[in-house]
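Spelled out from the first residue to the last, the chains are:
Number of protein chains: 2
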Amino acid sequence: MKDYFKLDEWKIIEEGFKPGENRFTESIMSLGNGHMGMRGNFEEKYSGDSLQGTYIAGVYYPDKTVVGWWKVGYPEYYAKVPNATNFIGIDVRINGEELDLACWQVNSFRRELNMEQGFLKRTFTAENDAGVQVAVSARRFLSMARREIGAVSYSITPLNQEIELELVPYLDGTITNEDANYGEVFWKASLSKAETGVGEPAGRGCLALRTKKSDFLVAAAMEYKLNKHPVEITACQEKKYVDNSIFLTAKPGEEINLTKYIGVTTNRDYPDDDTISQARSRAREARNAGWQKLFAEHSRAWKDIWDEGDIRIEGDAAAQQGIRFNIFQLNQTYTGHDPRLNIGPKGFTGEKYGGATYWDTEAYCLPFYLNTRDNEIARNLLLYRYHHLDKARENADKLGLDGALYPMVTMNGEECHNEWEITFEEIHRNAAIVYAIYNYIQYSGDREYLADYGFEVIAEVARFWEDRAHFNPRKNKYMILGVTGPNEYENNVHNNWYTNRMAVWCLEYALETIDYLKDGYPGSFQKLWNELGLSAGELEKWRDMIDKMYYPYVEDLEVFEQQDGYMDKELKSVAEIPEEDLPLHQNWSWDRILRSCYIKQADVLQGLYFLSDHYDLATKKLNFDFYEPRTVHESSLSPCVYSIIAAEIGYQERAYELYLRTARLDLENINKDTEDGLHITSMAGTWMSIVHGFAGMKLKRIAGEEKEERILSLEPFIPEKWKSYSFKINYLGRILNIKVTSTGSRVTREQGEPLKILLEGEKQKI
Amino acid sequence: MKDYFKLDEWKIIEEGFKPGENRFTESIMSLGNGHMGMRGNFEEKYSGDSLQGTYIAGVYYPDKTVVGWWKVGYPEYYAKVPNATNFIGIDVRINGEELDLACWQVNSFRRELNMEQGFLKRTFTAENDAGVQVAVSARRFLSMARREIGAVSYSITPLNQEIELELVPYLDGTITNEDANYGEVFWKASLSKAETGVGEPAGRGCLALRTKKSDFLVAAAMEYKLNKHPVEITACQEKKYVDNSIFLTAKPGEEINLTKYIGVTTNRDYPDDDTISQARSRAREARNAGWQKLFAEHSRAWKDIWDEGDIRIEGDAAAQQGIRFNIFQLNQTYTGHDPRLNIGPKGFTGEKYGGATYWDTEAYCLPFYLNTRDNEIARNLLLYRYHHLDKARENADKLGLDGALYPMVTMNGEECHNEWEITFEEIHRNAAIVYAIYNYIQYSGDREYLADYGFEVIAEVARFWEDRAHFNPRKNKYMILGVTGPNEYENNVHNNWYTNRMAVWCLEYALETIDYLKDGYPGSFQKLWNELGLSAGELEKWRDMIDKMYYPYVEDLEVFEQQDGYMDKELKSVAEIPEEDLPLHQNWSWDRILRSCYIKQADVLQGLYFLSDHYDLATKKLNFDFYEPRTVHESSLSPCVYSIIAAEIGYQERAYELYLRTARLDLENINKDTEDGLHITSMAGTWMSIVHGFAGMKLKRIAGEEKEERILSLEPFIPEKWKSYSFKINYLGRILNIKVTSTGSRVTREQGEPLKILLEGEKQKI
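Each protein sequence line maps, in turn, to chains C and Y.
In case it helps, this note's numbering puts the first sequence at residues 1 to 766.
In case it helps, this note's numbering puts the second sequence at residues 1 to 766.
Among the clues, some could well be false.
Just so you know, same-sequence chains aren't split out, so a pair can sit in one copy or run between any two.
[Claimed, not checked] Here are the simulated SDA-like cross-link-like pairs (lysine to any residue), alpha carbons at most 25 Å apart as the crow flies:
hint, residue 1, residue 2
1, K45, T157
2, K477, V574
3, K721, R122
4, K18, S153
5, K45, E314
6, K2, S745
7, K620, R280
8, K398, E580
9, K477, L571
10, K398, P583
11, K18, S137
12, K721, D91
13, K763, G537
14, K64, L51
15, K71, V574
16, K71, R139
17, K213, T176
18, K303, A135
19, K620, I305
20, K721, T65
21, K765, T196
22, K303, E456
23, K548, T176
24, K391, S153
25, K303, A145
26, K739, N530
Everything labelled a hint here was simulated from the structure, so no lab data went into it.
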C-alpha cells in the first residue's frame, strides 16, 4: 500500500474508485472533534463493502464476559464502543433509482482529507444503465469550535439530461456492530420524530437512542437547507429511523445543494430530559449560523492547533505528510475539553479496542499533548486517573493487594478487559501512570500538582509494588512473578526486566517526591502522610526493595534479560520468519508466538527509553543490537521507541526507517489492519520519534545540582534526505521553537522568560 | 457436610427435607445408564431452588467462543452439554392445588439412592393450608439392560380425606441451561404429539427436539399405566411440551399409582426419520414389559457389575459407602457399549465441563474399567482416540507442529475448549493417551492392538514431542517451553518436569514398541513404518532427546522442580492459608493463584506415580514431603495420587486420610462444588487409591528378564480401622481375587490359567 495516496503535505488524496480498499480508506478518512467522530463512509447509500462507524466519546456498552472456566476477579464485562446513529446519511434517488456506487458505473472518483482545515471532500461522476450521468461533490466536517455540531454539504449536478431527484437526509439508528456476539444490538429506541415545513421549504428530524445496560442517551437532530425550492417534502418516522424525502427536478448542469446541519448530544452532558432538546437546539443553531460561518470558526480552531503543534519538514513529502496525518488524527481524537474522556487506541475510527483507555495514554500520548498544547490538557489527562484512584484501590483489593492498581482497559475507572493475562498481569501500566506525573511536573513546572493530586497516586502505586513483589530468601532478592510485560507476546512471566525496573523507579520517585513535599508543602504533606497511613517502616521497605530488586541479566552478552528464561528460547531473528507468516498474530497460533523469541513491541527498550538518563550509550547499543532483530513491531507502539533509541546510539539510517514505519503505519497499512481503524495512540509515538528521537530532546540530571533538578537537553540530528525540520514545544511556560537543518540547530523562545537549556551538550541561555 | 447422609454400605440416604441442600443432594442422587442420565430432581413440580438436569450421551451444543482479543488457533466453540427434555416429570394437583414441596408443609421426607440395584426412591408426606395430607412414594430407574428405556413409579395416597387428584405425566422441552450466554436456548422444536385413549384407559406422548447448530435430534416418548380407572384424561400438546392430564378421585388410604414408561432415542443411533418412531417403540415395549420385568433385568445387570467390580471393606462403613458410591457412579456414566462415547468429568450429573472428554479418561478412568470389566470396554476407550487420530494431526498442524496433538477437551475429536492456556498449552495430555495404551497392553496382554492401532498413535505423539521441544545450545539440552502442567494453577511455564519427563517416556516407549513390532509383527510394522514416513534419522533424534532432555531440579533439596522458577516463589504451606480463603479458586483472583506456590493437583507426583518403577522410595519421599504440604487438592484428581504415593512410602495414616478425601469427596462436598455435579472421573482415582495404593498393585520390571516383561506385584497394607478389604481384577485373561486382612493378604485365581505374581516381594504362582 506504499503509494496508495498521493503525496501532499496537507492532504490525503485517494484518486479513483477502489471498492476493495474501501474499508482501509474509510479508516484513513475519519473525522473527529473530541466529542464525536466517524469513518469516511459515503453519505449516499453504498451496498458494497464498508465498515459503517459513527462513535460518540464516552459512550460504551458493557459486553458480558464469557469464558469456559470462570476465574475469580474477572471483570464482568468488556467495554465495546457501539456504532451510533448514522447522522451524515443522505440517500439519493435519480429518476427513482438509488444512487449507489456499487451499482453505478463510476467514471471519476476522488476522496480528499484536508488536514489543514479539517474536512473531508469527495467528488465523483457516475452513470447508470439508463445513461444518466451525474456529478457529486460532498464536503463535511465536525466542528472543533462547537463540538456538538457537524455539517454536510452535498451537491449533485445532472450532466446530460434533466432528472427527477429525491434527496433523503436521514438519521439512522438501525445500525449494527461487526464486533457483536450473535449479532446482538446495543441500542434501544428512545424517540424518533420527523417533520416537514419547519420554516423555509424544509424539514427536520430527531432521533434518540439509549444503550442497553449502560443507559447512555444519545440524541441526534438534523435540519437542512436547499439551494432550490423543492416540489414536495415528505417525512418518515420509524422506531429507530427518521428522514425527509425531498423531491426536485434538476436540469443538466444545474447544481442542487443540500446542506445538512447536525446536532449530537448525550446525557453525559445534560440531564436526561434535556438531552434531546439540546440536540435540536444545536441543529437549529447550526442552520442559523450557516455553513460559511461554522466552517470559518472550525478552520480557525485548526489553524491554532497547527500553529502550536505542527512539525514542519522540508525536503521529504512522505515524512511531512506522515507526521501531519498523525498530529491531525491525535487532535481529532482528544481535545482535552472534558476531563472524563481519554484517548482510545482507535479513537473514532473503528470498533476495536472499545474506545477505552489504555496505558498508551500515559506512555505515548501525554508527551505530545504536554508539549504541543496548553498544560491544562495534559493536566486533565492526569486528573482522569486521579479521579479513578478509589476504583484503582478497589481493583488492587480484588486481587488481594494493597495500594492501587489502575485498570489495563477502562471506560470509567473500572477494569473492563476480560483476559486474565492482560487484566491481572499487565501491571506495568501502573508505572506508566506515575511516569506521566513525573513527565508532567518536569515539563510544566506545576509542582503544586504533586501536593494536590499527584502524590496520592504515586504513594498508592508504590504501595501496590510493595505488596506485589515478594522477597526471595534463596536469592536474597525481591522478585515480581506472574506478569505480562509491554511485550504482550509473552504472558505470565517471572521478573520482566521492564516491570521490575519501573517498579523500583516508582519507589525511587515516591521517595524523591516525599523529600520534595516535606520541604515544599509541609502542611499538605503531613495531611497526606496521615491520610494515607504511611510510616517510616514502609519507606524503609521501599528502600530495601530498591536495593535488593532482582533484574534478570545475561552475563555473557551484557544485556538485560527480558524476563527469566528468555535466553532459553530458540533465539532466531525476524529475518528468518517467512514473509507469509507475518504478521505473526494473524498467522501463528498463540502458543507458538508465546514460546518464540519474537517480541511484539519495545520491552527492555521501553525501559531504556523512559529511564534514558540512567543508562549509558554502550548499554543501549548492546540491548538494541540484541532485541531489535527479534522484534516484529506488531504493536503500533513499537517502532517509535526503537527509532528514538536508534537515533540516540547513532543508528541514524535505522532511526529514519523506523520513523517512516511509525509515521506512515496507517497510510501504508503496514500492520495490515488499518481497515479496522487507525492506530491513534501510537501516532503520538511518531511525534516522539522526531522530538525525542531526531531532535534528541530529553531531561537530563545535572551533576552537582539539586537532586530533582533536570535540564532540557537537545542533541539533534537530521535525516540525510531532509533539508530541515522544526517544531515548537511548551516547556516550563515558554514556547520554544526548535529548527534543525543540515548545518546546525537553533532554539528560539517565542513566549515566556529566558531559560537555560543544553543544546548539543552545550549550556545555552535562550 | 460430613454426616449429611446416613452411613449405609449400599445406600445413600437423605433424611428430612432441606431445601438449602437440594442442589447438592440432586447431584448425589443422579441416575444414569451410559446412554442418558439425570439429576435427582423431583417428579412433581418444585418451585424451590433446584438445578434441573437431564443429559443425553454424545449430544452437545457448540457454544461460540467469545474473547476480548481473538487469537489464531482458538477453537470456534466450547462444547456444552445441553439440559434435555425432562421426561421424568409428573405434575400433581390435589383439589386443584399444585403439589409443590416449596409451598406445602413437609412432614417427613426421605431420598434414597440404592446403589446395589440402581434406583432412586423418594418418600414424603405433606400437608397444604387446607389441611389435606398426602403420602407420596416415587421410584425410578434408567435401565442398564435396555438403555433407551427408563421408568418412574409414582404413588400418592390421601391420608385424611378424599381428594380430587390430577396427575399430569409430561415431557417438557422448554428447559433451559444455567450455563448459557444471555439465557440462550439450545433446542429447537421438532415434533410434539400427545394422545389419549390409546389402549386401556391411558394415553401417551412424544416430544422431539433438535439442538441448534449441532443438529442432534433427541426424541422422548412416554406411555403409562394406572392402578385405577380415571374419571377423565385430556391431552395437551404445545410446541415443546406434551402431557396427559389424568383426573381421579382417591379415598383416604387409597394408593393411586402411575407408572410412566419412557423411551429416549437420538439420531446418533438411528436415521433421522426413524428416531422418533424408535422412541415410541421403546416406550411401548417398556409398557408392555411392565415395571417388574424391566426392573428385574436392570437389577440383574447391576448384580453382574458388582460381582466383578465391587471393593468390599469390612470394619469401616464410611469407607465402604464411599468406594461403592464411586464405583456405582462410574458404571452409571460409562458402560462401554458405544465406542463413540467417553467419560465426561461430571457424567450425567451437571452442566459444567460440557460432558466432554478430558485426559481424565486415560490417566484416571482407564485402569478402573480395564481391571474391573471386560477388556473390550477399555479397548473401546482406546479406539475412541484412535478414531480421532486424523483430527489430532489437524490439531497439531493448526499449532504449526508435526505429529498429533489430542484435544484437551473434545466431543468428537475436535478441540472444544476456548482458553489458550489449556487448549494450546496443556499438552501433557498427549502422554497420558500413550500411557493408556501401555497400560492396556500390560494388563490385557492384547499386543496385537499395538500393530493394529496403538503404534500409529504412539508414533504420532512421539513426533509431536520431537517438534514441540527445541534444542537449547546454551545449555546443551532439549527444552519444552510454554506449557501448562497437570497443576492448572500454573500457566505458560517453561520445562514442567512432568511434561518433559512424560515426553521422554513417550519417546522411550515408542522405541520399545518399534523393537517389539519389528520382531513380533514384521509385516505390519514395515507397512506402518512406510505409511508414517519414519526414518532412522528420526529415531536418532528421539534417542538424542531422551539423552539430553532438561529436567528442572533443586540441588539442595534433591527434589524435582515442578517447572523453571518454581523455587523463586514465596514458599508457604497450605496450613498457612486462612480457612476462609479455601478453596482458593473460589476466593483468590487468578493471578494470585498463579504466582503462589500452591498446587491444584499432583504434578511432579503424577509423574512419580505413572513412572513408579523408575524412581526409588527415597526420591518419592523427598518429593512427597516437599510438594504435599503445598498442594490444595482443588482438583478432585489430586488426593488419589498423593494417597497412592503416601501408601507406597509408608505414610499409612496420610494415605488413609487422602483416601477418605477422594472416596467421600462428593458425599461430604469437600470441594464445595458438588451442587454443580459429581466429580465422576476422579472417582476412578478412588478405586486406584485402594488397588494401587493400599494394595500396592503395580507392574514391575524384572531384572534380567526380557526388556518389555513386567510382572504384577502387590504390596498391600490395611488401614488400622479396617478388618479386611477385597476386590477382583482382570489381568491377562485371569480374574484374580485379592483379599487383605490385618494378618496378611491372599490372592486367588477365579478364572483363567495359572500365573506368577509378586506378593509382598515374593514370587508366587497362583
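Taking the hints in turn, this is what the structure says about them:
1. K45 x T157: Cα proximity of K45 and T157: one copy only (17 Å, versus 72 Å across).
2. K477 x V574: between (34 Å within a copy, 24 Å between copies)
3. K721 x R122: neither (33 Å within a copy, 89 Å between copies)
4. K18 x S153: within (23 Å within a copy, 72 Å between copies)
5. K45 x E314: Neither: 41 Å inside a chain and 82 Å across chains, both beyond 25 Å.
6. K2 x S745: neither (31 Å within a copy, 82 Å between copies)
7. K620 x R280: neither (58 Å within a copy, 79 Å between copies)
8. K398 x E580: between (43 Å within a copy, 15 Å between copies)
9. K477 x L571: Intra 28 Å, inter 14 Å, cutoff 25 Å: inter-copy only.
10. K398 x P583: Between. Shortest inter-copy distance 16 Å satisfies the 25 Å Cα cut-off; intra-copy 36 Å does not.
11. K18 x S137: For K18 and S137, the Cα distance is within 25 Å only inside one copy (18 Å; across copies 76 Å).
12. K721 x D91: neither (47 Å within a copy, 87 Å between copies)
13. K763 x G537: neither (41 Å within a copy, 68 Å between copies)
14. K64 x L51: So K64 and L51 pass the 25 Å test inside a copy (23 Å) and across (23 Å) alike.
15. K71 x V574: This pair counts as between: shortest inter-copy Cα distance 20 Å, intra-copy 36 Å.
16. K71 x R139: Neither way: K71 and R139 sit 50 Å apart in one copy and 39 Å across, limit 25 Å.
17. K213 x T176: Intra 16 Å, inter 23 Å, cutoff 25 Å: intra and inter.
18. K303 x A135: neither (31 Å within a copy, 88 Å between copies)
19. K620 x I305: neither (35 Å within a copy, 72 Å between copies)
20. K721 x T65: Answer is neither; intra-copy 51 Å and inter-copy 50 Å both fail.
21. K765 x T196: For K765 and T196, the Cα distance exceeds 25 Å both inside one copy (67 Å) and across copies (104 Å).
22. K303 x E456: neither (38 Å within a copy, 72 Å between copies)
23. K548 x T176: Close neither inside one copy (54 Å) nor across copies (56 Å); limit 25 Å.
24. K391 x S153: neither (45 Å within a copy, 57 Å between copies)
25. K303 x A145: within (12 Å within a copy, 86 Å between copies)
26. K739 x N530: neither (49 Å within a copy, 72 Å between copies)
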